Amino acid sequence: MACMHAELANVSYGTVSQAGSIIVVGSPTSGTGESQSDATSTLEEGGSMASTHDDKPLSHREIAELSFTFCILWFAANWATNASLAYTTVASSTILASMSGFFTLAIGAILKTESFNTLKLIAVCATVAGVALVSESDRNKSPMNDLLDPKAPIAPLFGDFLALMSAMFYGCYTVLLKVKIQNESRVNMSLFFGFVGLFNLVLLWPMFGVLHWTGIEPFELPTDTKVVWMIGINALVGTFVSDYLWLLSMLMTSPLVVTLGLSLTIPLALLGDVVGYGRVLGAAYWVGAGLVLAGFFGVNGVALSERDEADREEEAAIQSGSAALAAPALASEERHGHERSISHDETERLL
Numbered sequence: 510m511a512c513m514h515a516e517l518a519n520v521s522y523g524t525v526s527q528a529g530s531i532i533v534v535g536s537p538t539s540g541t542g543e544s545q546s547d548a549t550s551t552l553e554e555g556g557s558m559a560s561t562h563d564d565k566p567l568s569h570r571e572i573a574e575l576s577f578t579f580c581i582l583w584f585a586a587n588w589a590t591n592a593s594l595a596y597t598t599v600a601s602s603t604i605l606a607s608m609s610g611f612f613t614l615a616i617g618a619i620l621k622t623e624s625f626n627t628l629k630l631i632a633v634c635a636t637v638a639g640v641a642l643v644s645e646s647d648r649n650k651s652p653m654n655d656l657l658d659p660k661a662p663i664a665p666l667f668g669d670f671l672a673l674m675s676a677m678f679y680g681c682y683t684v685l686l687k688v689k690i691q692n693e694s695r696v697n698m699s700l701f702f703g704f705v706g707l708f709n710l711v712l713l714w715p716m717f718g719v720l721h722w723t724g725i726e727p728f729e730l731p732t733d734t735k736v737v738w739m740i741g742i743n744a745l746v747g748t749f750v751s752d753y754l755w756l757l758s759m760l761m762t763s764p765l766v767v768t769l770g771l772s773l774t775i776p777l778a779l780l781g782d783v784v785g786y787g788r789v790l791g792a793a794y795w796v797g798a799g800l801v802l803a804g805f806f807g808v809n810g811v812a813l814s815e816r817d818e819a820d821r822e823e824e825a826a827i828q829s830g831s832a833a834l835a836a837p838a839l840a841s842e843e844r845h846g847h848e849r850s851i852s853h854d855e856t857e858r859l860l
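Quick note, my numbering runs 509 ahead of the 1-based positions in the sequence shown.
It should be emphasised that the hints constitute simulated quantities derived from the structure, not laboratory data. One or more hints might be untrue.
To be verified - Only pairs whose alpha carbons sit at most 30 Å apart, straight line, appear in this in silico DSBU-like list of lysine-lysine:
#, residue 1, residue 2
1, K565, K689
2, K735, K689
3, K565, K621
As the list claims (entries may be wrong) - Cβ-Cβ distance ranges computed for the label pairs, FRET-style:
#, residue 1, residue 2, range
4, D817, F717, 49 to 57 Å
5, R821, N692, 15 to 23 Å
6, A592, R821, 45 to 53 Å
7, A819, S694, 14 to 22 Å
8, E815, H721, 45 to 53 Å
9, F670, L720, 26 to 34 Å
10, N692, L720, 35 to 43 Å
Because the structure is a prediction, the values reported are computed rather than measured. Where a beta carbon is used, it is the ideal one built from N, C-alpha and C, also for glycine.
Sequences are here, hints too, so could you generate the full structure?
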């Protein structure tokens, strides 16, 4: 009996040793370890796909550099728009400036901030066509037509070129901000616009003296208090607040959505004349306003669809990475259970 127990002990020890050797051979670092490493890499890749940008806030130096670039492009766009009015008609300048949607879409597609598709192109075309109809309606109905929109502009081709350059500069700085900032949480808005104001003060204000001394454009302070208030309110609401909201909305949505949204200011301004002054607008205005609205809501629909698709891909990538990480551990557990079952069966057979 003792001999039997001794033999059984030896067999059990040998069986356990064999099982141990099987476990060692079956789970080397080149097997399960690599599988787990690959699964971890897959999960990390899924996480990197889910986070398409760096959430690290911009440093003060990076914000200053970005503000400087924005300041130059922003000034160039606004100067070109206002300068074009001296050479071409208001309607032509407005229509060509609305071409910024095309530049924003094209530059954004090149720099990967926008995906180019037919629906977005149709939305941009509808917006430009709507702006053209509204502008022509305003030109034909405006009592200030002779003053603001002369019948014979002095250099229409040059004026149209300036308006087109304004649209291009707008597309450049809009996409640039989206590429550099990407997320509104990465930038201090107050600091950004503070740097913009500083660069405007240091770099652009001296030009007033140059233009005044050369006689190109005399510099005069307003003498009417009403004009001072108008300038102040326009600077606060029309420049600072509007630009702040514009930048915030652009970072939360996309450059193209915000660009087409700005086109709504043209029909809304004329609608203000209807409410405030009882102005009667023709069919061209309403058709044009409808096209602008259709373009804006159309590109918003495309943007929402793209965002939903990106969220689904992100969730699928995370789930795929989690499943790949769990698979090697599950396989190893099943293998160990199978080996324990074999050891138990052999022990019972010997008994």
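Here is what the structure says about each hint:
1. K565 / K689: 12 Å, holds
2. K735 / K689: Not OK: K735 and K689 at ~40 Å, beyond 30 Å, violated.
3. K565 / K621: 20 Å, holds
4. D817 / F717: 49 to 57 Å: 50 Å, holds
5. R821 / N692: 15 to 23 Å: Holds, since R821 and N692 (Cβ atoms, about 20 Å apart) stay within the stated range.
6. A592 / R821: 45 to 53 Å: 47 Å, holds
7. A819 / S694: 14 to 22 Å: The hint (14 to 22 Å, Cβ to Cβ) holds, given that A819 and S694 are roughly 18 Å apart.
8. E815 / H721: 45 to 53 Å: 50 Å, holds
9. F670 / L720: 26 to 34 Å: 22 Å, violated
10. N692 / L720: 35 to 43 Å: This hint holds: roughly 40 Å between Cβ atoms.
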